[in-house]
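Q: Got chain A sorted already, so can you dock chain B onto it with the hints?
Going down the list, the sequences are from chains A and B.
Under my numbering, the first sequence is numbered contiguously, ending at residue 431.
Under my numbering, the second sequence is numbered contiguously, ending at residue 431.
There may be inaccurate statements among the hints.
It does not matter which identical chain is used: a pair holds within one copy or between any two.
[Unchecked claim] Quick list of in silico lysine-lysine cross-link-like pairs, BS3-like style, CA-CA up to 30 Å: (1) Lys256 / Lys116; (2) Lys222 / Lys76; (3) Lys238 / Lys256; (4) Lys238 / Lys116; (5) Lys256 / Lys222; (6) Lys238 / Lys222.
Simulated from the structure, these hints should not be mistaken for lab results.
Quantities reported herein were computed from a predicted structural model and do not represent experimental measurements.
Protein chains: 2
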Amino acid sequence: MSASSATKSSKSSQNAIAAYMRDRGARARAAAREIARADTGLKNACLFSLARILVEESAAILDANAADLREARAAKLDEALIDRLELNAARVEAMADGVRQIANLADPVGEITELKQRPSGIQVGRMRVPLGVVGIIYESRPNVTADAAALCLKSGNAAILRGGSEALRSNLAIAQCIERALIEAGLPRDAVQVLDTTDRRTVTEMVAMPEYVDVIIPRGGKGLVAAVSEAARVPVIKHLDGVCHVFIDAAADPEKAIAVAVNAKTQRYGTCNTMETLLVDAAIAERVLPELGRIYAEAGVELRGCERTRRLVDDARPATEDDWHAEYLAPVLAVKVVDGLDEAIDHIARYGSHHTDSIVTENYSTSRRFLREVDSSSVMVNASTRFADGYEYGLGAEIGISTDKFHARGPVGLEGLTSLKWIVLGDGQVR
Amino acid sequence: MSASSATKSSKSSQNAIAAYMRDRGARARAAAREIARADTGLKNACLFSLARILVEESAAILDANAADLREARAAKLDEALIDRLELNAARVEAMADGVRQIANLADPVGEITELKQRPSGIQVGRMRVPLGVVGIIYESRPNVTADAAALCLKSGNAAILRGGSEALRSNLAIAQCIERALIEAGLPRDAVQVLDTTDRRTVTEMVAMPEYVDVIIPRGGKGLVAAVSEAARVPVIKHLDGVCHVFIDAAADPEKAIAVAVNAKTQRYGTCNTMETLLVDAAIAERVLPELGRIYAEAGVELRGCERTRRLVDDARPATEDDWHAEYLAPVLAVKVVDGLDEAIDHIARYGSHHTDSIVTENYSTSRRFLREVDSSSVMVNASTRFADGYEYGLGAEIGISTDKFHARGPVGLEGLTSLKWIVLGDGQVR
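Just chain A, with the same shape it has in the complex (with noise of 0.2 Å):
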């Protein structure tokens, strides 16, 4: 990664970006092939040696990671936001067990399924095999730069990373980290690019060079993301709204219904698993609500509710057409009275983004349809909604959640860095 070259394009013309783009661009086409037929062992021990540089040069992170905030706070970022930059030796060391853990992950990459014998004689099957190169766009987190880094090293597949303009010396210092890594493993040092220049139009000639990209994640903001995914001329894998329901089923049981629906929304607000509108049977209404109403007010949640909901909540507000499109990302909670399962599943339907819905029911057949029925990345029974990440669903990291139907749904971890081959095996068969 040589700075001299990326600070004189970062000034210079759309051509000269352009230029800057494709160099990185072919020498992560060029760097992919190798990492993709790299060894567990190779990709393991430069994971381990990654690891362990990132704790050996923990003051020159922190160094650059103290410029990038004195930058930040001199430009009066948002304190969210300056949160989220700021490391410390904590968060350096939690960076290096992401990176361990990722090593210790199984190798998805050869994996065959299904090979099965043909009536003509041959044995078909599939092979589980990197994507390619991966461009990744983030904002500020720095430890996205090692997470990614690491995911898709262990996947088989190169990565052009671009970070955000306030963490850009946070992130040099830890790609210095990596490429250390990378060399003294013996892989190319290209398998893992960080830019080091956050022109804005490196993002537009990444998305649009398929013949060098195979995928891009944008991992940010609503802005971002539709920004990219507008521009983009290769696949995106990409998330979009976690508009979040809990359906409290007529059946269901009362205390796993409040614990449910209490975790859902209060374990964390900001989070895109979060519940964002809860459905009651009218049936269990009564039963349910005013003790809920009770526990959200103390943990200082707003209600919006619908006019059923609010004859049984005292201070819950009205709630407006647009409430139940909201992803408040807030103590804030729509609350809706439905007739029965069909009236959830079609709000789910109409206002859901299909991300994570739930319902809590103890009826075999109702929570049998639910999961059927219910269009979303994850359908879950009888448990709260922030459950809906790779950790927690054993994929051991994750490189964002997809609201897409297509590729990885859900939580995207190594498995959806990869994609399946078809392999046949003959003795000479022909047809």
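A: Using the frame of chain A, we list chain B on its own:
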């Protein structure tokens, strides 16, 4: 399917076409929810009815087809196109057979896999679900209408089918059979809609309605596929080139090598899985190339070879750079002598189209490297590239062969028309 509304809109402005397509889309979206939850018995009953009705209505279908053929001949359309367009009693029978075969395949919808217990107490797994609304844009062959309808129905999807103008009457006759079968089974008639206009703007509209269409499958020539991909605002499952290779390794069994190389080229010339370039290791070239030259000459295959090939095969013409890129779809074959596995893999990476590539070898390690390192949708050992299709792979039927890396790769059957969602089964667990 109202013919009058369509005739009207085909004559009117872009706005009317847009309204027509949005109406179709909204109806498909509504039907998709019903067909997604239809049980297997109902879907199969509908498909068996369709097979019966197609045969019963054979005369009406052939009449419509005769009118299409008269017009195609009057317009002096290409003979190959007219052949693809032409139906007869046997072809209608084959169409009905295909539908019955799809009815007999296992229903992929609702299948739950990999249900694992997590430390939190929840069980996490994945459920196979339909994609939603599938838009299929195709040319000439009217049998695609029945085939695509059956595949979409069985996989729980609604379909919007837009065939070529040359086959409009034939397609609408088949569409009537589909509609009758849907009604007989009590399934929504909008689950399969065959457009009754072939205005080109229907395509532009259809590929840009992400709210109504979940995926587009273009089936036809490169021009159609490229145009659809360019305009699409929804995912496209597409097939681009089929520049397939056979590599005869130094350690190949010469008999198998010759059998595979002859079959891969000569069994059919116009198919996408036909070999277009033969690579031969220098160490075995003298042993196999002269004999292959004789066999190809006898079969009328024109050879275009590198210099070393031409020393061994008298009547091979010199190959140019263009020949390594060529998808001839004709009795022409490019032949290159290479020095070992690495050169073969490099050649395929540089000139191949990621469709299907096969190695002939008796060497274990060489076969393993080829399988792993060649990045194509099908990679074979000791088998003819001609095996790369849904029937031979045991998918029962295919809606196309994808050369994409995402979602569906290689032959696309029922599974390729579905997606996986996560399901979580709990007993009231919270985080």
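Q: Hint by hint, note whether the structure agrees.
A: Here's how the hints hold up against the structure:
1. Proximity of Lys256 to Lys116 under the C-alpha cut-off of 30 Å is restricted to the inter-copy arrangement: shortest distance 22 Å between copies versus 44 Å within a copy.
2. Taking the shortest Cα distances, Lys222 and Lys76 sit within 30 Å of each other inside one copy (22 Å), while across copies they are farther apart (53 Å).
3. Taking the closest pair of Cα atoms, Lys238 and Lys256 never come within 30 Å of each other, the shortest separation being 32 Å inside a single copy and 47 Å across copies.
4. With identical chains, the CA atoms of Lys238 and Lys116 are at most 30 Å apart between copies only, with a shortest distance of 26 Å across copies and 34 Å within one.
5. Taking identical chains as interchangeable, the C-alpha atoms of Lys256 and Lys222 are never at most 30 Å apart, the minima being 33 Å within one chain and 56 Å between chains.
6. Taking identical chains as interchangeable, the C-alpha atoms of Lys238 and Lys222 lie at most 30 Å apart whether they share a chain (10 Å) or sit on different chains (29 Å).
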